[in-house]
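Enquirer: The whole structure should be built from the sequences, with the hints applied where relevant.
Number of protein chains: 2
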Amino acid sequence: MGEFDLIARYFTRPVRRAALGVGDDCALLAPAPGMQLAVSSDMLVEGRHFFADVDPEALGHKALAVNLSDLAACGARPLAFTLALSLPRVDETWLAGFSRGLLALADAHGCELVGGDTTQGPLNLCITVFGEVPTGQALLRSGARPGDDLYVSGTLGDARLALEALLGHAPLPAEVLARARQRLERPTPRVALGQALRGIASSAMDLSDGLLGDLSHILKASGVGAHIDTYITSNLIAEKAYLSGENGHFHLEFIRQCTLAGGDDYELAFTAPPARRGAVAAASQASGTPVTRIGTVLAEPGLQLVDAGGQAVEHRYASFDHFR
Amino acid sequence: MGEFDLIARYFTRPVRRAALGVGDDCALLAPAPGMQLAVSSDMLVEGRHFFADVDPEALGHKALAVNLSDLAACGARPLAFTLALSLPRVDETWLAGFSRGLLALADAHGCELVGGDTTQGPLNLCITVFGEVPTGQALLRSGARPGDDLYVSGTLGDARLALEALLGHAPLPAEVLARARQRLERPTPRVALGQALRGIASSAMDLSDGLLGDLSHILKASGVGAHIDTYITSNLIAEKAYLSGENGHFHLEFIRQCTLAGGDDYELAFTAPPARRGAVAAASQASGTPVTRIGTVLAEPGLQLVDAGGQAVEHRYASFDHFR
Numbered sequence: 001m002g003e004f005d006l007i008a009r010y011f012t013r014p015v016r017r018a019a020l021g022v023g024d025d026c027a028l029l030a031p032a033p034g035m036q037l038a039v040s041s042d043m044l045v046e047g048r049h050f051f052a053d054v055d056p057e058a059l060g061h062k063a064l065a066v067n068l069s070d071l072a073a074c075g076a077r078p079l080a081f082t083l084a085l086s087l088p089r090v091d092e093t094w095l096a097g098f099s100r101g102l103l104a105l106a107d108a109h110g111c112e113l114v115g116g117d118t119t120q121g122p123l124n125l126c127i128t129v130f131g132e133v134p135t136g137q138a139l140l141r142s143g144a145r146p147g148d149d150l151y152v153s154g155t156l157g158d159a160r161l162a163l164e165a166l167l168g169h170a171p172l173p174a175e176v177l178a179r180a181r182q183r184l185e186r187p188t189p190r191v192a193l194g195q196a197l198r199g200i201a202s203s204a205m206d207l208s209d210g211l212l213g214d215l216s217h218i219l220k221a222s223g224v225g226a227h228i229d230t231y232i233t234s235n236l237i238a239e240k241a242y243l244s245g246e247n248g249h250f251h252l253e254f255i256r257q258c259t260l261a262g263g264d265d266y267e268l269a270f271t272a273p274p275a276r277r278g279a280v281a282a283a284s285q286a287s288g289t290p291v292t293r294i295g296t297v298l299a300e301p302g303l304q305l306v307d308a309g310g311q312a313v314e315h316r317y318a319s320f321d322h323f324r
Numbered sequence: 001m002g003e004f005d006l007i008a009r010y011f012t013r014p015v016r017r018a019a020l021g022v023g024d025d026c027a028l029l030a031p032a033p034g035m036q037l038a039v040s041s042d043m044l045v046e047g048r049h050f051f052a053d054v055d056p057e058a059l060g061h062k063a064l065a066v067n068l069s070d071l072a073a074c075g076a077r078p079l080a081f082t083l084a085l086s087l088p089r090v091d092e093t094w095l096a097g098f099s100r101g102l103l104a105l106a107d108a109h110g111c112e113l114v115g116g117d118t119t120q121g122p123l124n125l126c127i128t129v130f131g132e133v134p135t136g137q138a139l140l141r142s143g144a145r146p147g148d149d150l151y152v153s154g155t156l157g158d159a160r161l162a163l164e165a166l167l168g169h170a171p172l173p174a175e176v177l178a179r180a181r182q183r184l185e186r187p188t189p190r191v192a193l194g195q196a197l198r199g200i201a202s203s204a205m206d207l208s209d210g211l212l213g214d215l216s217h218i219l220k221a222s223g224v225g226a227h228i229d230t231y232i233t234s235n236l237i238a239e240k241a242y243l244s245g246e247n248g249h250f251h252l253e254f255i256r257q258c259t260l261a262g263g264d265d266y267e268l269a270f271t272a273p274p275a276r277r278g279a280v281a282a283a284s285q286a287s288g289t290p291v292t293r294i295g296t297v298l299a300e301p302g303l304q305l306v307d308a309g310g311q312a313v314e315h316r317y318a319s320f321d322h323f324r
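If you're matching them up, the sequences are chains Y and W in order. Residue numbers for the first sequence follow the numbering used here, so the first one is 1 and each next one is one higher. Residue numbers for the second sequence follow the numbering used here, so the first one is 1 and each next one is one higher.
Because the hints were derived from the structure by calculation, they are not lab data. Wrong hints could be hidden among the right ones.
List time: in silico EDC-like cross-link candidates among lysine to aspartate or glutamate, alpha-carbon distance up to 16 Å [unchecked claim]:
(1) Y:Lys220 - W:Asp5
(2) W:Lys220 - Y:Asp5
(3) W:Lys240 - W:Glu253
(4) Y:Lys240 - Y:Glu175
(5) W:Lys240 - W:Glu175
(6) W:Lys220 - W:Glu300
Expert: Written out as C-alpha cells, the structure is:
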C-alpha cells in the first residue's frame with residue numbers, strides 16, 4: 001500500500017464543519033465570529049510515551065486524548081486536528097486499530113481530522129488540535145490569586161501505578177492492573193469540564209507530567225504559591241481501597257509519589273475564588289466530572305505540602321522532564 | 001539543560017500578532033474577520049528527508065520552508081506555526097543552529113512560533129503552519145479546466161541533482177554541487193507568488209514529490225488531463241548550462257528525470273485560463289518570481305509528454321512515495 005492509499009483508507013472522511021479537509025495542500029478552517037482559535041501540538045514517541053507493544057486502538061485514543069486535554073485546559077471546544085505519522089512500515093492491522101481508536105474519540109468530541117502527513121521512519125505521532133473559545137475567555141495559567149481555592153478533577157496517580165506495575169516495580173492483581181491500565185492507556189480528556197469552567201476558574205492547566213511539577217507552572221505564571229493537603233490528594237488514587245488494604249508494600253510514600261508526581265493523569269488542575277464554590281460545583285455536575293478541592297493559593301511563592309495532622313510533608317518529587 | 005530551559009532559550013520569543021504564544025496549554029490565534037485559516041502539517045525524519053550530518057541551520061530553514069510552501073500553494077499569508085521536536089539528546093550547538101535557521105525564515109515571512117512540544121527520541125521535526133486567506137479565495141487543486149495554461153514557478157530538478165551527487169551517483173564540480181545543494185537544503189517557498197495568484201490561477205499546488213506525480217493530484221482532483229512540453233521543462237534545471245556542456249554522461253534522460261520527477265523543488269505548479277496570461281505575468285513580476293508556461297490542460301484524462309519535435313515522450317517516472 002502506498003502513502004496515498006494509506007491516507008485514503010484509514011484517515012480520510014467526509015468533511016463536516018471544516019471548509020476543506022484532507023487532500024489539498026492545506027485544510028481550511030473558519031472560526032465563528034467572536035471566537036479565538038486555540039492550538040496545541042503534542043508528539044508521542046515509541047519507548048518514551050508508550051510501549052512498543054501497546055494496543056494500537058488505545059494508542060490512537062491516547063494520541064488525541066492528550067491533545068484534547070490541552071484544549072480542555074483552555075476551556076476550548078474541539079473543532080479539528082491534523083495528524084502527522086511516521087511509521088516503520090505499513091501494517092494494516094495496526095493502522096486499522098490505531099485509526100479506529102483515534103477516530104472514535106474524535107467523533108465523540110466532534111473533532112474532525114482535516115489533514116496531516118505520513119512518512120516512513122521510527123514510530124512517531126504528532127497531533128495538532130484546534131478548538132474555539134470566545135475571545136478573551138480562554139482559561140490561562142496566569143490568573144491564580146492568593147486566597148483562591150485549588151482543585152483537581154477526577155483521580156490522580158493510577159496511570160503511574162499501572163506504569164510501575166508494567167515495568168515490574170509494583171506487583172498488582174490482574175483486575176487491579178486492568179483498571180489502572182485503562183487510566184494509563186485511555187485517559188479521559190476533561191473537555192466538558194474545561195468549557196464549564198469558563199468565567200469561573202481563575203487559572204487552569206492539564207496534568208501530564210505530575211501534579212506538583214505541572215502546578216509549579218501555574219504558580220510561576222501567576223506569581224503565587226500554594227499549599228496542598230496531601231491527605232486529600234492521597235485519597236484521589238482510584239485504587240486507594242486496594243492499596244491501603246492488606247498490601248503493606250504499598251505504603252503511603254508510594255501513594256504520595258503516584259498522586260503528587262505520577263504523570264499521565266490528564267486531569268485538570270484549576271483555581272477559583274472561594275466565592276465561586278457553588279459555581280464550581282455546578283460546573284462539575286453539569287459536565288459529569290468530579291472535582292476535589294485540594295488546597296489554597298498563597299501569596300508567598302513555593303509549594304507547601306501538609307498532612308492530615310497539619311504537619312509539613314517533606315517533598316522532593318520531580319516532575320517528568322523529557323531531557324533529564 | 002531540561003525541557004523547559006531548552007524551550008525558553010531556543011524557541012521562545014515575545015508574542016507579536018498571536019493572542020497568546022509559547023508557554024500555556026494552547027496558543028490562541030485570532031484570524032481577522034472574513035478570513036479562513038489555512039492549516040498544514042509536515043513531518044521530517046532523519047534519513048528520509050535529510051541526512052544525519054545536514055547543517056542544522058539549513059534544516060531549520062527547510063523544516064519551515066516546506067510548510068510555508070503549502071501555504072503558498074493555497075494563496076495564504078503566513079501567520080504562525082507550532083514546532084514539535086523529538087531529539088536524541090540536547091546538543092546546544094545543534095539547537096542554536098537549528099533555531100537560527102528556523103526563526104530567520106519565520107521572521108522573513110512574519111510567521112511566529114506560538115507553541116509546540118519537545119521530547120527525547122529519534123530526530124523528528126513536525127511543524128504545523130497557519131495562514132490566512134480571504135474566505136472563498138484559497139487556491140485549490142480542483143479548479144483546473146480544459147484549455148487552461150499550465151505553469152511552474154522558478155526552476156526544477158536541481159534539488160534532485162544535488163541529491164544524486166551527494167549519494168555518489170552523479171559527480172559534480174564543487175561549485176556546481178554547492179549551488180544545487182542550496183536548492184536541496186534551502187528551498188524558497190513561493191509565498192508572495194501564491195498570494196499574487198489569488199483570483200487568477202484556477203488551481204495550484206506545491207511541488208514536493210516531483211512535477212509529474214504532484215501534477216497528477218491536480219489532474220485527478222480536477223477531472224482533467226494535460227500535455228507537457230518536455231523541451232521546456234528540461235530547460236528549467238538551473239544547472240542546464242553545465243549539464244548540457246561537455247558532460248556527456250549527463251544525457252537528456254537524466255535531465256528529464258530530475259526535472260519531471262526529481263522532488264524537493266518546492267515550486268508552485270498552477271493553471272490559469274489563456275485569457276489571464278497578462279495577469280499571470282503581472283503576478284510573477286509583482287512577486288519577483290519567474291514563472292514558465294509548460295503545457296496545457298486537456299479534457300481527456302492522462303498526462304502526455306511531448307518533445308521539441310512534437311513527438312510523444314515515453315515516461316515511467318515515478319513520484320516519491322514514502323512507503324514504496
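Enquirer: Against each hint, give a clear statement of whether it holds in the structure.
Expert: Checked hints:
This hinted pair checks out: lysine 220 of chain Y and aspartate 5 of chain W have alpha carbons roughly 14 Å apart, not beyond 16 Å. Restraint check for lysine 220 of chain W and aspartate 5 of chain Y: satisfied, since their Cα atoms lie roughly 14 Å apart, inside the 16 Å limit. For a cut-off of 16 Å, the pair hint linking lysine 240 of chain W to glutamate 253 of chain W stands: about 13 Å separates their Cα positions. At roughly 14 Å between alpha-carbon atoms, lysine 240 of chain Y and glutamate 175 of chain Y fall within 16 Å of each other, so this suggested pair holds.
For the hint pairing lysine 240 of chain W with glutamate 175 of chain W, the CA-to-CA distance comes to about 14 Å; that is within 16 Å, so the pair holds. With a CA separation close to 11 Å, the supplied pair lysine 220 of chain W and glutamate 300 of chain W stays within the 16 Å bound.
Violated hints: none; the structure is consistent with every hint.
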